[in-house]
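> With the hints as extra help, turn the sequences into a complete structure.
Each chain, letter by letter, is given below.
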Amino acid sequence: MSGDHHHPAEVAPIERRVAALEDALVERGVVDRDSIDQFVRMYEHDIGPMNGARVVARAWVDDAYRARLLADGTAAIAELGYGGPEGGHVVVVENTDTVHNVVVCTLCSCYPWPLLGLPPNWYKSPPYRSRVVREPRAVLVEMGCDLPDGVEVRVWDSSAEARYLVLPARPAGSDALAEEQLAELVTRDSMIGVARL
Amino acid sequence: MSGDHHHPAEVAPIERRVAALEDALVERGVVDRDSIDQFVRMYEHDIGPMNGARVVARAWVDDAYRARLLADGTAAIAELGYGGPEGGHVVVVENTDTVHNVVVCTLCSCYPWPLLGLPPNWYKSPPYRSRVVREPRAVLVEMGCDLPDGVEVRVWDSSAEARYLVLPARPAGSDALAEEQLAELVTRDSMIGVARL
Amino acid sequence: MDGIHDLGGIEGFGDIDPEADEPLFHADWERRMWGLALSTFFAGLSNGGQFRHSIERMDAVHYLTSPYYEHWLTGIATGVVESGLVTAGELERRARGAFPLSRESRVVSGSEAPHDAPGRREPCELAVGARVRVARVPTRGHTRCPRYVRGRIGTIVRVDPPSSLPDLEAHGDARRVEPSYCVRFEAREVWGDSAAAAADAVHVDLWATYLEPVEPAERA
Amino acid sequence: MDGIHDLGGIEGFGDIDPEADEPLFHADWERRMWGLALSTFFAGLSNGGQFRHSIERMDAVHYLTSPYYEHWLTGIATGVVESGLVTAGELERRARGAFPLSRESRVVSGSEAPHDAPGRREPCELAVGARVRVARVPTRGHTRCPRYVRGRIGTIVRVDPPSSLPDLEAHGDARRVEPSYCVRFEAREVWGDSAAAAADAVHVDLWATYLEPVEPAERA
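Chains as they are written, first to last, in the numbering used here: chain A, 1 to 197; chain S, 1 to 197; chain E, 1 to 220; chain G, 1 to 220.
Any given hint could be a false lead.
[Claimed, not checked] If we take Cβ atoms under 10 Å as the criterion, some of the chain G residues that face chain E in the derived model are: (1) I10; (2) G12; (3) E19; (4) A20; (5) D21; (6) F25; (7) R57; (8) M58; (9) H62; (10) Y63; (11) R106; (12) A127; (13) R131.
Worth flagging that the hints you see were computed from the coordinates, not collected in a lab.
Glycine included, each C-beta is placed from N, C-alpha and C at the ideal position.
See the structure below:
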């Protein structure tokens, strides 16, 4: 154990430990290198916040879609072709003039992969996980997200199967933009709830 | 802060940080080096588990003293000349055939200095502080202290002003020994409650 | 278990430190580890409860001082060693050095899951609007009931479809499928009056097993 | 505060590791630091609440990864900087490098001490044998009420003389002198049925402010 000062051998560098586990499992046929490469490529290229942004933009321009999205997130994102690991039960929470939503996983790092890809380090780190449930307003200010007076902050701790996406408020002055242009305005942080647009 | 990876300068070695604080306070006349030396000498030579051992041995040979010690530990240790910092309110808890006592400070490192001196590292460390209140029997076994069946374990968390000393049971076969010889049998760990004699 | 991973509300970790233009992976080993982890999930090497608990059992200081994907490495390596697929010795030989694993589980059979506490053998069925109290009883095993809401009273705002109780699936062959509930807790109820604005709330998704109904007359 | 120092019951720290023939001090800096600390106590530089809270406010990872007397160094240095006696810059110049201090207190005036929670303004006066429940309300400031007994019911086994409530003295000029009580909690009440033998008990010394009497009819 790392806490044990009697540990006889030096801990192997992380690169060698990862390779050791990969090699052991590949040799046994439990996993294969091609699928590893393929998974990495998928999340490096096809799965990321641009997916969530398309969902958000669609909800902004299509009220019926927005209603379906809020009623059954999983089904509504499937309409746009999104689903897969960590997307089996998607819940969308909507920011309004009086409510601001922010998402966390205090126990590990649950995150809506099909819509946002993999979480940034700060989302997985002790400061965010420990603080945002206790002092969400201080965390939001620290991250540059100032809230108007009178807004209720709702924190969502992803502790079971649901994975949360925040539906940000459509920015003022965006009336003339088309759906594709709107999608470009939507940031990852606004869909976690630590930024407003 | 040590958790901040943007920290500009390297943290100074601990020796230089201690010297910096000492020098700054000495120059201002807040503390002086002679008293520092004197305190260190006191606890290196005069104050330690031998004091607690004398108290225990006296209690073993003198029933009236034992009764006074259990009724008012502070007054009874003063009879033998013990007192001072962290000794303002001493509570003595007695091991019997049916009760075994063990002492901890989960929040910091409170310890009966006048009787035991300064605590060992393990007493101040997270494993002991976290575990002994939750699984005292496992901790005692791990530290080599096997308890007979039917003994109740009482843990004492020194969370306020009281400082606890365990009065161990007098070992079998020690009837012939004089008080001074008995004191030599008494270990620090037996007075914390992680060993039996 | 009351592990260091259960971070909600713990103070002293400092500022949030977002990295500008953060890459998806910071090094090739992170990339490999992530793809490897996903492959092991698809290969059925562990369920969610087993995987998470294999990380929760890391040494607390190791957990706090290692990069996130090292948690995944340590957890998955622990799982394959515990299942007998690979030995710790093989991993160390291949890595040419020590390979820290997580500590062993304190629960052998799931027998310490919270549903075995007295009077709690049948999980309650509840509806939106119901007031519930979170069970106070800690477990030595895996649970998805965060410590910061233990003993607190909240209101159900969403009923989620039945799913496998992690407290059981992490520790053996026993399974129980039951609803989970999204429970709204007022900030004041959880953190006291010194907490943020009274209007704020935290929502936690909790399996039925963790909850007991609160009588209307009962005070917080 | 719910800091990492509040270690009772947290799992994942591993084996206890006694050192054979451990010296009183492991290095000369420990010796100096200890003598220096005792000197500052006698000089009245801080009271118990201030000193302990100056350590509790250390970065959590720094706390867990540094030797014990480094806690004292960091806390006392933080105290003298906060009191204006020495600047952080002077300490860094003298040390010729960075000198990590604790984070600032979240409490300015003691206003968040638990006794200010509603209905708890008057500490209760209790006798041996009384059943008490520990307040559930957390504080952002210093407290000597460990988290593992919060909300739990126990029995008073000893009444201790009145002394200064640390929750107040750590944060300003306000003082309150009140009794503290040694409270016996059955292991089962605190840790659940999965805990050690039912006969085992843990005793915690708690100031009156932290406690409320339990009616005989009320169940645990």
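> All the hints need checking, so say for each whether the structure fits it.
Hints and how they fare:
1. For G:I10, the interface hint holds, the least distance from its beta-carbon to any beta-carbon of chain E being 6 Å, beneath 10 Å.
2. Taking 10 Å as the C-beta contact cut-off toward chain E, the hint placing G:G12 at the interface holds, the least distance being around 4 Å.
3. This hint is violated: G:E19 has a C-beta 18 Å from the nearest C-beta of chain E, more than the 10 Å allowed.
4. Interface hint at G:A20: violated, since its Cβ lies 23 Å from the closest Cβ of chain E, which is beyond the 10 Å cut-off.
5. Annotation: interface hint on G:D21 violated; nearest CB of chain E at approximately 25 Å, more than 10 Å.
6. Because the smallest distance between the Cβ of G:F25 and any Cβ of chain E comes to about 23 Å, over 10 Å, the interface hint for this residue is violated.
7. Here the hint on G:R57 is kept, as its CB sits about 7 Å from the closest CB of chain E, short of 10 Å.
8. For G:M58, the suggested interface contact is upheld, since its CB lies about 7 Å from the closest CB of chain E, less than 10 Å.
9. The interface hint given for G:H62 holds, since its Cβ lies 9 Å from the closest Cβ of chain E, which is under the 10 Å cut-off.
10. Because the beta carbon of G:Y63 sits about 7 Å from the nearest beta carbon in chain E, less than 10 Å, this interface hint is met.
11. Because the smallest distance between the Cβ of G:R106 and any Cβ of chain E comes to about 8 Å, under 10 Å, the interface hint for this residue holds.
12. The criterion of a C-beta within 10 Å of any C-beta in chain E is not met by G:A127, whose closest approach is roughly 26 Å, and the hint is violated.
13. Using the Cβ-Cβ criterion of 10 Å, the hint placing G:R131 at the interface with chain E is not satisfied: the shortest such distance is roughly 17 Å.
Of the numbered hints listed earlier, those contradicted by the structure are 3, 4, 5, 6, 12 and 13.
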